[in-house]
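J.: What follows is each chain in one-letter form.
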Amino acid sequence: MNDQELLLVGDNPFHGISHLSQERARARGEGAGSPEKAAELVLASLQNGANGFAFSVSELTLSILRSIRKQNSGSLDLYPMVPYAFEYVRIATQTGTPGLARKLAKQIVLSGGPRAIATGARAVLTMNPSSLLSTYLTYEISRVKSSAGKRMNIVSLVLNEVMTDLALGLNLDWLFKSYVKFLSRRKIIPGFNTRNFPFFVQKFKEWNIDTRDILIATPFNRAGFQMNPSKLECEKTLADLANPTVLAISILAAGYLRPPAAFEYLTELPNLKGIVAGVSTEQQARTTFTLLEKSFRTAKESV
Amino acid sequence: MGMERIRVGVVGLGKMGLLHAGILNFMPAVRLTALCDKSGLMVRLARKVFSRAGINVVNDLEKFAGLDLDAVYVTTPIFSHSFIARSVYKNDLARHLFVEKTLAPSYAEAEELCSLVPKESVNMVGYMKRFSVTFGKAKDLLAQHALGEVSSFKAYAYSSDFMGDNKSSRTSGARGGPLRDLGCHVIDLALWFFGDFNVVSSADEAVAGTLAENSASFRVQRSDGLEGEFDVSQCKKDYRMPEIGLAIRGSNGTIEVNDDRVRIEESDKGKSTTWYRHDLNDNVDFWLGETEYFREDQHFIDSILRHGNSEPSFLTAAKVDSVIDKVRQAHGSGLNE
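Sequence order for the protein chains is A and B.
In terms of my numbering, the first sequence has 141 at position 141, counting the first letter as 1, and numbering is strictly consecutive.
In terms of my numbering, the second sequence has 264 at position 264, counting the first letter as 1, and numbering is strictly consecutive.
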C-alpha cells in the first residue's frame with residue numbers, strides 16, 4: 001500500500017442501511033436503490049476526492065458496477081466485501097443452513113466453466129474447508145470482474161464482519177491463513193471487516209499472521225459506536241500497530257455524529273490508512289469527500 | 001490451578017447455533033465441547049472445520065452422553081425443542097439448559113419441560129431483546145414510574161423475511177409461524193414490562209384481530225384494565241432487518257422504544273428525551289451478530305457459575321407460549337402457531 005489515504009465511498013446507503021435508525025433506512029432505501037443513481041453518487045464522490053469504492057457483493061452492487069462502467073471511462077479501485085451476509089442470512093432463514101449451502105454450491109457450479117465446475121465439485125466431494133473457501137472466493141472475484149470490466153481493479157477483497165468475527169470466536173486460524181494465502185497469490189490484499197478489532201489483532205499475533213500485509217476495516221468514531229470492547233482499547237490497539245493498515249468505518253456512528261467534528265477525530269488517530277463513508281445525495285458526496293480530503297491534508301501538513 | 005471451565009454442547013448448526021458457539025468459545029469460562037446436527041452435510045463439514053480444535057461433532061444427541069457436559073444449547077427449529085430438551089434432561093446429558101425461543105411449540109409442551117427441570121439447575125430461553133440496551137432502558141424507566149400509571153401500549157414486530165417469496169406460507173409455518181418466529185420477542189417484552197395479561201377473545205375481527213400465515217394482530221388486557229395491541233408481520237415492505245417496538249402510554253406521558261432508540265415524552269414536565277444505542281453503553285467484550293447475544297450468553301454462563309437463577313427462565317418463557325396458544329384459540333385457528 002502507498003502512503004496516500006484511502007477515501008472510499010461505501011454502499012450502505014444504497015442498500016438502505018442505517019445502524020442509527022431503521023425508520024430512516026427505510027425512507028432512504030427507496031430512492032438510493034436504483035443502480036444508475038447509485039453509480040452517479042459513486043462517480044460524484046470520486047470527482048470530489050474519493051479514490052475507491054467499497055461495497056458488499058450483491059446483485060444491486062454488481063448492477064452499480066455495470067452502470068459505472070457505462071458512465072465512466074476511467075479506472076476505479078474496488079474493495080468488494082464478501083459474503084453479502086444479509087442475503088445469505090435471508091436464504092438461511094427461508095431454507096435452513098443446509099439449504100443455503102446447497103443453493104450456493106449450485107450457483108458456484110453453474111457460474112463457472114468446465115475447470116471451475118471440476119474444481120468446485122472436487123472441493124464439495126472432499127469437503128476440504130480450504131478448497132471450499134478458495135472455490136467460493138474464485139466465484140465472488142469472477143462475479144465482480146465480469147461486472148466491473150478491465151478498467152476497474154480489485155485492490156482488496158474484504159471478509160464480511162459476521163464471517164470474520166464468527167471465525168475469530170471459533171478460533172479458526174486455518175480460515176484466516178487460507179484466506180490470506182489465496183488472495184496474496186492473486187495480488188489482492190486480504191481484507192477483514194471486524195467489530196472486535198483488539199481481539200482480531202491479538203489473535204493474528206498469536207497465529208503469526210502478519211498484519212502489515214492485510215487491510216482491516218473496523219469502526220472508529222468519536223462516539224465509540226461499535227468499538228468493542230471499548231473505544232479506549234480500540235484506540236490503543238491502533239496506536240500500537242506497526243503499519244497503517246486500518247480503514248475506519250462507521251465514521252459518523254451511523255448519523256449520530258456531524259461531519260466536521262467526526263472527521264477531526266479521525267485525523268487525530270495514528271496509523272489510520274483511510275476511511276469508508278457512505279453518501280445518499282450528490283450534495284453529500286461533494287461535501288463529505290471535499291471535507292475529508294481537506295481534513296486529512298491539513299492534518300498531514302501540520303505534522 | 002486453572003479455573004474449571006463449563007463444558008457446553010450446542011445442538012443445531014444453523015445460524016443461531018453457530019452464533020452461540022462462536023460467542024461461547026470466546027468466553028474464558030467456557031469450553032465448547034461438542035456440536036450436534038442431524039444434517040449429514042453440516043456434520044461432515046463441521047468435522048473437517050473443527051477437527052483441530054478438539055470439538056466433538058456428532059449427528060445424534062445421544063452421543064453427547066459421556067462427554068461430561070455441564071450445559072446444552074438447543075438452537076434447532078422450534079418444533080424439535082421439546083423433544084431435544086426432554087432428551088437432555090431424561091438422559092442426564094447436562095444439568096443446565098438454554099433453549100432458543102420459543103421454549104416449545106405449544107404451552108402444554110412448555111409446561112411439561114418446566115416440570116422436568118432438575119433442582120439447582122439453570123435454565124433459560126433465548127429472548128435476547130431483554131438484553132438490548134434500548135429495551136433495558138425502557139424497562140428501567142417503567143420501573144421508576146416515569147410514565148405514572150401505564151394505561152395502554154401498542155406493540156409491533158415486522159420483517160420482510162417472507163416478502164415476495166411464493167413459498168412463504170410453507171417456510172414461515174416450518175419456522176413456527178409469525179408469532180413463534182418473530183412476534184414472540186415483543187410478547188416476551190410486553191410480559192416483562194407489564195406482567196401477565198389476557199388475550200381478548202371476540203367474534204368481531206375489529207376487536208379480536210386476525211391470524212394469518214405470515215401476520216397476526218390481537219389485543220390483550222390486564223386485570224387492572226391496562227390494554228395492549230399487537231401487530232406482527234413477516235411480509236412487511238422495506239423491513240430489511242426485523243424490527244420490534246412498543247409505544248407505551250401512561251398518565252404522565254409516553255415511551256416509544258425499538259431496537260435503535262428509546263424516547264420518553266413527559267407531558268407533566270413538558271419535555272422529551274431520546275437515547276440511542278450510542279448513549280447507552282452498547283459495547284461488549286465480544287461482538288457477534290448483535291451486542292445482546294453476548295450479554296444473553298454471559299448472563300446464562302454467569303448464572304451457572306454463581307449457582308443462581310437466570311431470566312427469562314423456562315417458567316417465565318412458558319408464558320409467551322401460553323399467550324400464543326390463547327391467540328390461536330381466540331381465532332379458532334388451525335394454523336401452525
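Careful, some of the hints might be misleading.
[What the hints assert, rightly or not] The calculated lysine to aspartate or glutamate pairs, modelled on DMTMM-like cross-linking and capped at a C-alpha distance of 25 Å, are:
{"#": "1", "chain 1": "B", "residue 1": "K15", "chain 2": "A", "residue 2": "E87"}
{"#": "2", "chain 1": "B", "residue 1": "K237", "chain 2": "A", "residue 2": "E36"}
{"#": "3", "chain 1": "A", "residue 1": "K203", "chain 2": "B", "residue 2": "D282"}
Hints were generated in silico from the structure; no laboratory data involved.
J.: Going back to the hint list, which numbers does this structure go against?
T.: none
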